[in-house]
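K.L.:
For the sequence shown, the positions run 1 to 139 when the numbering used here is used.
Rather than coming from a laboratory, the hints here were simulated on the basis of the structure. Predicted, not measured: the structure shown is a model, and the values here were computed from it. Any given hint could turn out to be false.
[To be verified] Once the Cα atoms are required to be at most 25 Å apart in a straight line, the calculated DSS-like pairs of lysine-lysine come out as:
hint: 1; residue 1: 107; residue 2: 6
hint: 2; residue 1: 20; residue 2: 6
hint: 3; residue 1: 107; residue 2: 20
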Amino acid sequence: MSVDVKTIEALREALDDEYKARATYQSVIDRFGPVRPFVNIIEAEERHASALLRLFERFGVEPPTDRWAGRVPAPSSLAEACRAGVTAEIENAEMYERLLAQVSDGKARDVLRRLQEASQQRHLPAFRRCAEQRFGGAH
1 MSVDVKTIEA LREALDDEYK ARATYQSVID RFGPVRPFVN IIEAEERHAS ALLRLFERFG
61 VEPPTDRWAG RVPAPSSLAE ACRAGVTAEI ENAEMYERLL AQVSDGKARD VLRRLQEASQ
121 QRHLPAFRRC AEQRFGGAH
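Let the sequences and hints guide you as you build the complete structure.
P.N.:
Take a look at the structure:
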């Protein structure tokens, strides 16, 4: 199936961002153990990457490799990790908004919209709760 260059560029950026998120949350888990919401959200990031990889397969295009695995340092505290999660999910939603404007394929647009929705409706609130709980507690 043929697809335009702008759509492929958008999908590459989206997949790279999902890889970065997964590596970031993995570094938190490696440092602090299987803490919530990181253990839940890292599984979601894996599903997001898989959804994007299926689009690459559908279009017959080689996806970018994961350049983030094992290369993202963990924050110094869980509170910092939660605040960073809030920032990352806000930036993620903004990225998807920008990418949606350049994607012409309907299936790809649907996938990007679902990923953006998950970020805003599930991940962002979870990180906000985490930041609120950790901010007043032990750092």
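K.L.:
Run through the hints listed earlier and report the numbers of any the structure violates, in increasing order.
P.N.:
none
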